[in-house]
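So the sequence lines, in the order shown, correspond to chains P and D.
Under our numbering, read the first sequence as residues 4 to 114, first letter to last.
Under our numbering, read the second sequence as residues 482 to 1032, first letter to last.
Quick caveat, the hints were computed from the structure, so don't treat them as lab data.
Remember, it's a predicted structure, so these values are computed and weren't measured experimentally.
One or more hints might be untrue.
Estimated spans, in silico, between C-beta atoms of each pair [claimed, not checked]:
#1 D:Val925 x P:Ile90: 18 to 28 Å
#2 D:Ala509 x P:Arg30: 20 to 30 Å
#3 D:Arg1018 x P:Ser94: 44 to 54 Å
#4 D:Ser746 x P:Ile90: 46 to 56 Å
Here chain D is said to cover these stretches of chain P; the calculated rule only asks that three of the stretch's residues, wherever they fall, bring their Cβ under 8 Å from a Cβ of chain D [unchecked claim]:
#5 5-16
#6 82-96
By construction, the Cβ of each residue, glycine as well, lies at the ideal position given by its N, Cα and C atoms.
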Amino acid sequence: MPHVFSANRLTDGAVVYLTAADQWSDRFDDARILTGEADLDHARTVAQDAEEQNLNVASYEVEVDSANQLRPDRLRERIRSFGPTVIPASSSYGTRAKGDHQPLPYGGPEG
Amino acid sequence: MYVYDSLDKALLNQRVAEFREQVERRLAGDLTEDQFKPLRLMNGLYLQLHAYMLRVAIPYGTLSSDQMRKLAYIAKTYDRGYGHFTTRQNIQFNWIELSQAPDLLYDLSEIDLHAIQTSGNCIRNVTADPYAGAADDEVDDPRVWSEIIRQWSTLHPEFSFLPRKFKIAVTGSDADRAAIKFHDIGLKIVRNEASELGFEVYVGGGQGRTPIVAPLIKPFLQPKDLLRYLDAVLRVYNRHGRRDNIYKARIKILVASLGAEEFASQVEAEYAKLNPAHFPVHDQELSRIRDMFTLPYMRLDTDPETSLNDMLEQAPGLRLWSKTNTHPHKVPGYSIVTISLKPIGGIPGDATAEQMAAVADLADRFSLGEIRVTYTQNLVLPHVRQADLFVLWSELERLGLATPNAGLASDIIACPGLDYCSLANARSIPISQRISERFADLEVQYDIGPLDIRISGCINACGHHHAGHIGILGVDKKGEERYQLTLGGQGNGDSAVGKIVGPGFDEVGIVDAVETVVATYLDIRTEGEVFSQTLERTGPAPFKERLYDRG
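I would like the entire structure built from these sequences, with the hints used as guidance.
So, in structure tokens, the structure goes:
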């Protein structure tokens, strides 16, 4: 399964992704898709450097699903990438909670 | 309420300055993340799914209006315009930046708020009955003792490296609106046969992976011995609590493994070694603290009952709301008001900055400037004249804070769950929203009567699902969210742990399952029986049959 590499930015905790240019972007769509062990090894090295340089913390590999537009495979990672599936009532919440969450098929026994 | 003296302020200022320096060193790379993390946690700052989350302490759930205004300011300035009131009477902000945290903590300190010891393996915020000092059924005000415990436990040099977190709750009433038996230490203020004030001490309760109702360790503890006894309990725990396994590190495991009697005996032995002179609660200091919690002059209505009845006649909406959201006050002509943070379909426990600021203003106008936070994630205005109820209710309606559902099916406790929390396995907030919407009809909710529905997104049970009449635990089953249903929990008073009824459900099925449970109750209840009574009478069998054997 392909991967992306993610971390949290030290200064503000924002979720960031390793790009093709070995930079870190807070947009999932900028993430470089890593296929194969060589890709992953390189990403691990870059991620470790970023931690040692106090740019990021808690970096790790995230599996993405080839059958689902290369979105993160686990729900937890999708929420981490695209924001909570619930929208607070706050007027200044912003539009961060954008993404590809499937609408929950609620409606009770009648549908 | 308690007002910081110069010592308190100095301690807080030093802590703010210390953490500012620690953050600067971290950002400069002079501290590694491993070195910084325990320091960060001891100041209530977590790294969560989306960003840093800050948990601000609200000591025993009591806030002044100015403090609430400051929380509104924090939400607007440092976060995304809202905060989340928690099941430990604290508030959490979900979108904090580490680089701004020192300024945020400085701003909090200006109004005597902080995030000290809201995380980490230390003694956490002491929680208490949100009706403290106002309820007509309390023996003594638990806030007095909660404040003493707060001072004793803050930056305690011996207890800053415990095997695990430590939570203390205090009630002054049999009604136990603090769920004390689900805490590491639960204290109930009582009077003995000689009418002397003292404490029943429960030790070793908790939820999480191993839910346990705390046994009674000491039937009567004199107030003058409180801190010495607590010290003895913590010393036994600190020495013998497990540090090899994080899942077995709470004091409840130690108490269960030793047995309550042996544990109590070890505490007494430790207690005997401690010098009473080292644990003074001088009468003068006790009086000073108690005075701060004494009610001021409260203007009485000449005929409170008539005034209230007149109002209730005029406004059916007020009548409904007052039935569920007001509670008798010890002063005639006053009420304790619950402000529901559970609008139908809303996120339990969330409040916008605008709502927080408005509640602060309402507290000034109607509640002597005081607000409480409940562990069920609502707010309370503790001292409201009945003559003011109509105007207050009208204002709350305008703000979307007048949902008349306190203690009813839509007054759901839900942890942040997988939408926010890095520990979670499943989402809890959307489940609570769908259940709330399923029971949106208030007439239906009134007919159902008192019903505690509690939802946790993982086994850590921050949503108190073990203590719900209906509990829901979200799990991860092969990458899919799955929800287990428990029945028969009880948080307050006669505390009990709920039991799983059978196989779990998916996110649609769990909402249907809750509706089925409620429908079953409505079918089989006898006259006047509330849900918990019916369940106790019949056991889970009729509910299981409806859930699993039909269709």
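Verification of the hints:
1. D:Val925 x P:Ile90: 18 to 28 Å: holds, 26 Å
2. D:Ala509 x P:Arg30: 20 to 30 Å: Since the Cβ atoms of D:Ala509 and P:Arg30 sit about 28 Å apart, the hinted range of 20 to 30 Å holds.
3. D:Arg1018 x P:Ser94: 44 to 54 Å: holds, 48 Å
4. D:Ser746 x P:Ile90: 46 to 56 Å: Since D:Ser746 and P:Ile90 have Cβ atoms about 54 Å apart, the given range 46 to 56 Å holds.
5. 5-16: holds (count 5)
6. 82-96: Contact hint for the region 82-96 of chain P vs chain D: holds, 12 residues under 8 Å.
When each numbered hint is compared with the structure, no violation occurs for any of them.
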